[in-house]
Amino acid sequence: MPRVQLREIAHARSGDKGDCANIGLIARCPKDYPALVKQVTAERVKEHFRELCRGRVERFELPNLNALNFLLYEALDGGGTVSLRTDAQGKTLSAALLRMEIEI
Amino acid sequence: MIRIANAQGFWGDSLEAPLEQLRGGPIDYLTLDYLAEVTMSILQKQYARDPQAGYARDFPQMIERGAKEIVQRGVKVVANAGGVNPETCGEAVAAALARAGYPGRRKIGVVTGDNILDRLDDLVARGIELRNIDTGEPLASVRERVRSANAYLGAFPIAEALGQGAQIVVTGRCSDVALSLGPSIYEFGWQRDDWDRLAAGVVGGHVIECGAQATGGNCQVDWETIPDLAGIGYPILEAEADGRFAITKHPGTGGRVTVAGVTEQLVYEIGDPRAYITPDVVADFTTIQLKQAGPDRVQFGGIEGRPATDFYKVSISYSAGFKAAGTMTYGWPDAYKKAKMADRILRIRLERLGLRFDAIHSEYVGANACHGDMLSGEPSPNLAEVTLRVGVRGSDPAAIERFTREIAPLALNGPPVVTYPASGKPKVEEIVAYWPALIPKSEVQPRVRVREA
Numbered sequence: 017m018p019r020v021q022l023r024e025i026a027h028a029r030s031g032d033k034g035d036c037a038n039i040g041l042i043a044r045c046p047k048d049y050p051a052l053v054k055q056v057t058a059e060r061v062k063e064h065f066r067e068l069c070r071g072r073v074e075r076f077e078l079p080n081l082n083a084l085n086f087l088l089y090e091a092l093d094g095g096g097t098v099s100l101r102t103d104a105q106g107k108t109l110s111a112a113l114l115r116m117e118i119e120i
Numbered sequence: 224m225i226r227i228a229n230a231q232g233f234w235g236d237s238l239e240a241p242l243e244q245l246r247g248g249p250i251d252y253l254t255l256d257y258l259a260e261v262t263m264s265i266l267q268k269q270y271a272r273d274p275q276a277g278y279a280r281d282f283p284q285m286i287e288r289g290a291k292e293i294v295q296r297g298v299k300v301v302a303n304a305g306g307v308n309p310e311t312c313g314e315a316v317a318a319a320l321a322r323a324g325y326p327g328r329r330k331i332g333v334v335t336g337d338n339i340l341d342r343l344d345d346l347v348a349r350g351i352e353l354r355n356i357d358t359g360e361p362l363a364s365v366r367e368r369v370r371s372a373n374a375y376l377g378a379f380p381i382a383e384a385l386g387q388g389a390q391i392v393v394t395g396r397c398s399d400v401a402l403s404l405g406p407s408i409y410e411f412g413w414q415r416d417d418w419d420r421l422a423a424g425v426v427g428g429h430v431i432e433c434g435a436q437a438t439g440g441n442c443q444v445d446w447e448t449i450p451d452l453a454g455i456g457y458p459i460l461e462a463e464a465d466g467r468f469a470i471t472k473h474p475g476t477g478g479r480v481t482v483a484g485v486t487e488q489l490v491y492e493i494g495d496p497r498a499y500i501t502p503d504v505v506a507d508f509t510t511i512q513l514k515q516a517g518p519d520r521v522q523f524g525g526i527e528g529r530p531a532t533d534f535y536k537v538s539i540s541y542s543a544g545f546k547a548a549g550t551m552t553y554g555w556p557d558a559y560k561k562a563k564m565a566d567r568i569l570r571i572r573l574e575r576l577g578l579r580f581d582a583i584h585s586e587y588v589g590a591n592a593c594h595g596d597m598l599s600g601e602p603s604p605n606l607a608e609v610t611l612r613v614g615v616r617g618s619d620p621a622a623i624e625r626f627t628r629e630i631a632p633l634a635l636n637g638p639p640v641v642t643y644p645a646s647g648k649p650k651v652e653e654i655v656a657y658w659p660a661l662i663p664k665s666e667v668q669p670r671v672r673v674r675e676a
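Read top to bottom, the protein sequences are chains A and B. Going by this note's numbering, the first residue of the first sequence is number 17, and it counts up by one from there. Going by this note's numbering, the first residue of the second sequence is number 224, and it counts up by one from there.
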């Protein structure tokens with residue numbers, strides 16, 4: 017099966033709540049949503065972000081929007097004002113997730 | 224149907240957007256969100272120095288600039304600009320209207336009761352521990368260092384102020400979505416247990432609360448072809464009494480309102496989508512149905528909600544040490560290698576000085592700062608430049624201050640092809656951290672006061 021980078025079939029937006037980052041991942045076409053549900057698991061996302069995210073990853077499904085929501089705990093070096101990172105609020109993590117490859 | 228226009232996604236957002244929303248076409252309400260999580264601590268600090276300060280000064284200035292449209296067209300304005308001093312903010316708004324030539328003709332509503340800073344010890348003494356939602360720690364562990372404490376109030380006090388005839392409503396801390404939900408509650412007579420309608424108002428508020436992020440700003444889909452981002456229109460919520468609503472923007476403005484862009488905003492900064500908790504209702508984002516209903520127009524329906532919880536969320540800020548970050552920029556060739564070496568040198572020097580930090584963090588801007596080196600891959604030796612950015616954090620301001628003096632010397636005594644900001648050494652900043660907690664609703668009494676300006 018051909019592998020594609022998520023950026024080809026999905027888009028995303030990310031933000032913060034304290035030290036927890038959220039990434040909303042949305043299929044561009046409804047037909048690709050089942051592949052996201054099946055392959056972009058919480059475990060895979062945790063593995064993908066193991067350098068940045070020290071806590072667990074939780075996943076929620078929004079089939080009505082062809083979207084998944086991920087919560088990445090302890091992912092922002094303390095969060096907002098505490099963090100020493102350039103991206104202290106996790107705004108670019110959306111695109112970082114889109115680097116992941118899945119099979120279509 | 225009522226048209227609610229948002230023109231401020233955070234304090235620091237466009238100063239022109241409120242005027243463009245007022246002038247670009249018909250609207251009934253203008254909402255402005257000024258308060259981020261840490262804004263309250265800054266305002267509390269200003270208030271401690273000056274009892275006439277502690278609110279968003281941008282707001283009365285905006286009222287003065289937009290007074291003509293607001294008064295002549297009867298647009299109502301709702302803003303959380305009150306910060307820790309909503310009463311004084313209300314007075315400043317009255318003065319702004321008078322300066323613009325409209326004295327004594329407008330009713331201004333002020334919502335207070337969110338500020339619980341003076342009551343913290345009493346609350347804790349009575350067993351309301353205000354434990355950190357994320358870590359479970361009791362507030363006692365940071366009590367001495369607390370700077371501000373505010374409950375997120377709901378939308379009903381805003382509706383009450385509008386019901387008493389207020390044309391401009393100023394609040395302290397309230398939920399972001401309350402600014403637009405309040406007008407719908409007032410206009411349509413929604414009741415406290417109209418869970419589905421309240422949830423619809425919450426979803427609409429969530430979409431517009433971040434301003435142009437709903438109209439093509441920050442949108443990943445076809446971003447290069449989104450028309451006229453320079454003149455981007457801010458979002459307008461067209462709300463119906465039965466809870467259905469559409470998101471659109473003024474005709475002739477830039478940007479784009481699409482299902483794709485609005486969906487990005489819907490999933491922005493949410494947790495469990497089945498339980499988006501607000502003071503007024505728990506909204507279920509998995510019930511939202513979207514439809515592109517025309518150019519720059521997305522229709523919402525099907526939204527369901529469940530009863531609100533018995534708690535308000537409380538936002539507490541506290542002093543949590545100090546930090547500083549400095550940068551040096553290295554040029555081609557091997558810019559990344561040079562920056563890496565500079566970082567090693569800097570760390571050895573900090574170590575020899577015996578400086579202790581809670582954290583030291585190095586980034587290579589241009590190579591891998593945002594996504595980390597694992598995801599970004601090996602940087603090319605041909606990068607035109609890489610900026611080394613080193614940050615430190617700790618409880619001893621003297622150690623942080625000493626760190627800031629170790630960056631600039633690298634310009635002369637480290638790897639070659641280096642340049643650095645003309646602004647000089649980095650600034651030591653106090654860290655004001657955020658402590659989210661819950662408080663029983665029975666402990667907080669929102670107050671509404673409406674008076675003639």
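Read the hints as simulated data drawn from the structure, not as lab findings. Beta carbons are placed, not taken as given, at the ideal position from N, Cα and C, and that holds for glycine. Worth double-checking, as some hints may not be accurate.
In silico DSS-like cross-links for lysine-lysine, where the CA-CA straight-line distance does not exceed 30 Å [claimed, not checked]:
{"id": "1", "chain 1": "A", "residue 1": "47", "chain 2": "B", "residue 2": "514"}
{"id": "2", "chain 1": "B", "residue 1": "536", "chain 2": "A", "residue 2": "107"}
{"id": "3", "chain 1": "B", "residue 1": "664", "chain 2": "A", "residue 2": "62"}
Pulled from the structure, derived: some chain B residues nowhere near chain A, Cβ distances all over 10 Å [unchecked claim]:
{"id": "4", "residue": "494"}
{"id": "5", "residue": "495"}
{"id": "6", "residue": "586"}
{"id": "7", "residue": "662"}
Q | Structure versus earlier hints - violations, ascending order | A | 3, 4, 5 and 6
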